[in-house]
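**Q** The sequence shown begins at 1 in my numbering and counts up one residue at a time.
If you are wondering where the hints come from, they were derived from the structure by calculation, not from laboratory data.
A hint or two may mislead.
Lysine to aspartate or glutamate pairs mimicking EDC-like chemistry, simulated, CA-CA at most 16 Å apart [stated by the list, open to error]:
no., residue 1, residue 2
1, K15, E41
2, K53, D35
3, K14, D35
4, K14, E32
5, K14, E41
6, K53, E41
7, K14, E33
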Amino acid sequence: MSKQQRRTFTSEFKKQMVQLYENGKPRAAIVEEYDLKYSCELRIFIKVSRGDKLGLLLGMLLLSLMTATSSTLMWIWRRLG
1 MSKQQRRTFT SEFKKQMVQL YENGKPRAAI VEEYDLKYSC ELRIFIKVSR
51 GDKLGLLLGM LLLSLMTATS STLMWIWRRL G
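Given the sequences, and given the hints that come with them, work out the whole structure.
**A** Right, here's the structure in full:
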């Protein structure tokens with residue numbers, strides 16, 4: 001079995017997604033159009049752009065539980081440390 005590659009997004013991409021959301025585009029439409037795996041990925045982008053650290057932490061925790069990978073959980077712990 002091969003290890004699933006973690007997706008990465010550029011800062012420009014994240015800013016574009018947040019801008020679309022702030023301009024009124026529905027979150028579900030953005031997720032579908034740009035092939036985001038989970039709507040919580042977009043929520044994380046939005047939380048980061050607003051400086052909401054608690055919301056970011058909760059969103060990342062939710063995403064890690066949804067993907068159920070130990071590497072994601074370890075990444076979160078390292079970011080908190």
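**Q** Need the status of pair K53, D35: alpha-carbon distance at most 16 Å?
**A** Distance of about 25 Å is beyond 16 Å: violated.
**Q** Mind checking the alpha carbons of K14 and D35 for me, to see if they're no more than 16 Å apart?
**A** This hinted pair holds, its Cα atoms lying about 13 Å apart.
**Q** Keeping to a limit of 16 Å between CA atoms, is the pair of K14 and E33 held or broken?
**A** holds, 14 Å
**Q** Has the given pair, K15 with E41, been kept, meaning a C-alpha gap of at most 16 Å?
**A** holds, 13 Å
**Q** Can the restraint linking K14 and E41 be considered satisfied, given a maximum Cα separation of 16 Å?
**A** holds, 10 Å
**Q** Next pair to validate is K14 with E32; report whether the Cα-Cα distance is within 16 Å.
**A** It holds: about 15 Å lies between the C-alpha atoms, which stays within 16 Å.
**Q** Can you confirm whether the C-alpha distance between K53 and E41 stays at or below 16 Å?
**A** holds, 15 Å
Violated hints amount to a single one, hint 2; each of the other numbered hints is respected by the structure.
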